[in-house]
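Undergrad: Next come the chains, spelled out residue by residue.
There are 4 protein chains.
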Amino acid sequence: MSTRLEEIKKTIKDTWQEVLSNNMAAHLVAEGNFDERFYKLYLLETYHYTFHNARNQALVGARVDNQNIHYIKYCFKHAYEEVGHELMALHDLRQMGTQTPVEKFPSPLPETKTLIAYLYHISQRGNPLGRLGYSAWAEDSYEHFGPFLQRIQSKLNLTKAQMSFFVEHAVVDDKHADQVMKAIESYCKTDEDWEAVAEVAVTSLKLASGLLNAVAREYLKLQKGESDRYSFL
Amino acid sequence: MSTRLEEIKKTIKDTWQEVLSNNMAAHLVAEGNFDERFYKLYLLETYHYTFHNARNQALVGARVDNQNIHYIKYCFKHAYEEVGHELMALHDLRQMGTQTPVEKFPSPLPETKTLIAYLYHISQRGNPLGRLGYSAWAEDSYEHFGPFLQRIQSKLNLTKAQMSFFVEHAVVDDKHADQVMKAIESYCKTDEDWEAVAEVAVTSLKLASGLLNAVAREYLKLQKGESDRYSFL
Amino acid sequence: MSTRLEEIKKTIKDTWQEVLSNNMAAHLVAEGNFDERFYKLYLLETYHYTFHNARNQALVGARVDNQNIHYIKYCFKHAYEEVGHELMALHDLRQMGTQTPVEKFPSPLPETKTLIAYLYHISQRGNPLGRLGYSAWAEDSYEHFGPFLQRIQSKLNLTKAQMSFFVEHAVVDDKHADQVMKAIESYCKTDEDWEAVAEVAVTSLKLASGLLNAVAREYLKLQKGESDRYSFL
Amino acid sequence: MSTRLEEIKKTIKDTWQEVLSNNMAAHLVAEGNFDERFYKLYLLETYHYTFHNARNQALVGARVDNQNIHYIKYCFKHAYEEVGHELMALHDLRQMGTQTPVEKFPSPLPETKTLIAYLYHISQRGNPLGRLGYSAWAEDSYEHFGPFLQRIQSKLNLTKAQMSFFVEHAVVDDKHADQVMKAIESYCKTDEDWEAVAEVAVTSLKLASGLLNAVAREYLKLQKGESDRYSFL
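Keeping their order, the protein sequence lines are chains P, A, C and V.
Sequential numbering from 1 applies to the first sequence in the numbering used here.
Sequential numbering from 1 applies to the second sequence in the numbering used here.
Sequential numbering from 1 applies to the third sequence in the numbering used here.
Sequential numbering from 1 applies to the fourth sequence in the numbering used here.
Simulated from the structure, these hints should not be mistaken for lab results.
A couple of the hints might just be wrong.
Each pair may be met inside one copy or between any two copies, as identical chains are not told apart.
To be verified - Heads up, simulated DSBU-like pairs for lysine-lysine below, C-alpha to C-alpha not over 30 Å straight-line:
id, residue 1, residue 2
1, Lys-206, Lys-155
2, Lys-224, Lys-206
3, Lys-73, Lys-224
4, Lys-175, Lys-224
5, Lys-104, Lys-9
6, Lys-104, Lys-40
7, Lys-206, Lys-221
8, Lys-10, Lys-221
9, Lys-9, Lys-221
10, Lys-40, Lys-221
11, Lys-175, Lys-77
12, Lys-10, Lys-104
13, Lys-13, Lys-224
14, Lys-73, Lys-155
15, Lys-189, Lys-221
16, Lys-160, Lys-189
17, Lys-77, Lys-224
18, Lys-182, Lys-40
19, Lys-182, Lys-221
20, Lys-221, Lys-73
21, Lys-221, Lys-77
22, Lys-73, Lys-10
23, Lys-104, Lys-160
24, Lys-10, Lys-175
25, Lys-73, Lys-160
26, Lys-175, Lys-221
27, Lys-160, Lys-175
28, Lys-104, Lys-189
29, Lys-182, Lys-77
30, Lys-40, Lys-175
Based on the sequences and whatever the hints tell you, model everything.
TA: Right, dumping it as structure tokens:
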């Protein structure tokens, strides 16, 4: 592995530690002050942003200024593999007992929209290689994110069938994670390319942490009866 | 095969006959009044529009209003398979002896731009299923277009290596052609869907015929010394 | 006026003569073989493409690679002035007695879609100055197109209120025409800019002629009872 | 003024108080721990996001699903008026003595990119009325933001010519502010419209506060010699 890739992995690791140590949802889960509505709310927001992942991935390959044939192939292959992953989050939500039809879901929280917005922006207008930075942590999150998920699972006695998105998905993504690292190493040529990957990795992980914070905030409002936006969960 | 698919196949067949009987390039080739510059000019324009095919195909899958998971997967898979096919046309042009670097190629002819424009438009703003109509004839053109190509091959004594785009590609596309027909049958649900496929099939085939006409027009100008735009060929 | 602008004006004039002498609708009108359904069909297609004119004009100004502040201002001002002009075509259609609600209009004819597609394509992906070539003839068409419209008016005894799009609009556009010519002269710097303007002028005028042909074709089908797609007119 | 508009104004006011009381840059300025490099860094990021404001505003009007003629006109008029405002920020930067050419500017900070990304996203894919929520605070910020700017001005002894973006601009925007409020009241019809405006107002103001925080963070790194990314300022 090249030094630059090592640096990116290190940066991602550090960012995970930073975001988890400051994250309200992480504290809430560590302290066990939550019930299944917290998990459902998180699944809902996960459904919302995952809906766009294959789409923004494909847009990178469709750019006229992306002329690296191998990278374009990577983009479409990866987009293909990501199609419909939002349905796993939806499946888990159904397994948790929420039957509200999709059309009646509240729209994504502002923080979820911001993550979605950022991924479209860097996919359509940033350095075409930038989006690899998102995949670099998203496809390999179980190492860092696992303990958080395990606490949720154990506290709520969740079955595997209720955690398909976060658990099975994580295993599938293991292979993806390798491919992402190889892609970064193959396609990044200039300093600007490497910096774009690193910047998108850090920024999108922080925005995902913001999403998690927002889930905790909304959950607390729901718990305290201050809002009924998510009372259907 | 459903009646509606039969109708589309019949419509495509009829359109082929109509366009070939009226096409200036088809007449020129039938009469043998051409040299290798005609073929090179055709390869050049083929290079130009093929550059966009995987891209506009992927854009169909990336649309937020395309929510048929199977069809989205089809779009990204097909986009993946089409990546870089313009390089076959470029390869053939190189085999024909044209070494001009790509950056120095004249921009696409207006008729080529019109075909490109139309495919982006129907991919981004039309009925999402419409683009299948383009694939329906483009992936299965050898039956109708073969005699035209064979006359070029025989007159110019072309080797297989000089016809990779039109010949090898055609064989590869045979499998695609089946997949396209199955896709049309699986994904079209409403009358509007079927009509969109039929309309895009006919319109894009006519625009491709317009491109061929334009190639003939430019070739005749070159032959008569009225233009030096393509004198590098 | 610069020599290059004179050349563009000459090119537009020649293209008008070429398209009008070959146009089926022009012949039909010259021979008087039409009734008001022909005019209504033309208004309908005019409504369809005009709906997109302000939009594609604005997209030129919104491009990140368009960095000429004066030209961007021109684009947004011109877009502003073009907003809602499709309602004039709709108004005239209503004055002609067609009350079918907009949602029930048949979709644009393929040739109309091709014109719309081309204008979006050159606005979003071509040389940013190219779209001035469309305005160059569209805002100054009365000189060439007037006799055609006058024959329609006189044969059908149309009132001013039934011709607001083509007549009043033409007067308003007179000022626009001057502004367009000034814009071309001010913003075109390179050979490529001038060629883009000339190419878009010729190509979009030919596509508009194709639209007119398609109107004639559909009218004849309607007249002969071969199609009921436009029987509501 | 309608109750709903009052509520939006109140929400914006509260958000201002919240963001200013938590903002690192606001604290830094209140305590006077800064020199002119802080102001220059802020001008630089302001230049970056303002570059996109007229563009994303115009995109709202260009949407095919935005069919309110009056609102479309508003969008293009407002886009027209915003064209080139980034040059005021650039002018002020030049007046402060930074002559580095634009092409050599570091790319926008991640927080600046996030604001830009969000504005494109809500303009292109959100409720078309949402972007009015951004204008609602951005065109009327002097009331809340004035004291912050005044402290900068007084500490650095800035002339009017060095504050054209934030001061003159603010005066021009006074008229805009009225127009924005009228636009919100005229065009919002449904609950969803009003909620979109409120959500975009709050979210974009928070993202702008994040941008300001990032400016403070980078300034502190520069001050402590931990980074030379902005040493050209």
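Undergrad: State for each hint whether it applies.
TA: Verification of the hints:
1. Lys-206 x Lys-155: Cα proximity of Lys-206 and Lys-155: one copy only (26 Å, versus 34 Å across).
2. Lys-224 x Lys-206: both (27 Å within a copy, 25 Å between copies)
3. Lys-73 x Lys-224: Cα proximity of Lys-73 and Lys-224: none, with 49 Å in one copy and 43 Å across.
4. Lys-175 x Lys-224: neither (42 Å within a copy, 43 Å between copies)
5. Lys-104 x Lys-9: between (39 Å within a copy, 29 Å between copies)
6. Lys-104 x Lys-40: This pair counts as within: shortest intra-copy Cα distance 15 Å, inter-copy 42 Å.
7. Lys-206 x Lys-221: Both: 23 Å inside a chain and 20 Å across chains, each within 30 Å.
8. Lys-10 x Lys-221: between (36 Å within a copy, 21 Å between copies)
9. Lys-9 x Lys-221: Answer is between: at 23 Å across copies they meet the 30 Å cutoff, but 36 Å inside does not.
10. Lys-40 x Lys-221: within (15 Å within a copy, 40 Å between copies)
11. Lys-175 x Lys-77: This pair counts as both: shortest intra-copy Cα distance 13 Å, inter-copy 19 Å.
12. Lys-10 x Lys-104: between (41 Å within a copy, 29 Å between copies)
13. Lys-13 x Lys-224: The answer is between: 25 Å across copies meets 30 Å, while 34 Å in one copy does not.
14. Lys-73 x Lys-155: neither (42 Å within a copy, 37 Å between copies)
15. Lys-189 x Lys-221: Classified as between: cross-chain Cα gap 28 Å, same-chain 47 Å, threshold 30 Å.
16. Lys-160 x Lys-189: neither (41 Å within a copy, 36 Å between copies)
17. Lys-77 x Lys-224: Neither: 45 Å inside a chain and 46 Å across chains, both beyond 30 Å.
18. Lys-182 x Lys-40: neither (34 Å within a copy, 38 Å between copies)
19. Lys-182 x Lys-221: neither (43 Å within a copy, 33 Å between copies)
20. Lys-221 x Lys-73: Neither: 45 Å inside a copy, 39 Å across copies.
21. Lys-221 x Lys-77: neither (41 Å within a copy, 41 Å between copies)
22. Lys-73 x Lys-10: within (28 Å within a copy, 34 Å between copies)
23. Lys-104 x Lys-160: within (26 Å within a copy, 50 Å between copies)
24. Lys-10 x Lys-175: This pair counts as within: shortest intra-copy Cα distance 20 Å, inter-copy 45 Å.
25. Lys-73 x Lys-160: Classified as between: cross-chain Cα gap 26 Å, same-chain 33 Å, threshold 30 Å.
26. Lys-175 x Lys-221: Neither: 39 Å inside a chain and 39 Å across chains, both beyond 30 Å.
27. Lys-160 x Lys-175: within (20 Å within a copy, 39 Å between copies)
28. Lys-104 x Lys-189: Classified as between: cross-chain Cα gap 20 Å, same-chain 46 Å, threshold 30 Å.
29. Lys-182 x Lys-77: Both, since 14 Å and 21 Å are each at most 30 Å.
30. Lys-40 x Lys-175: Within one copy only: 27 Å inside, 44 Å across.
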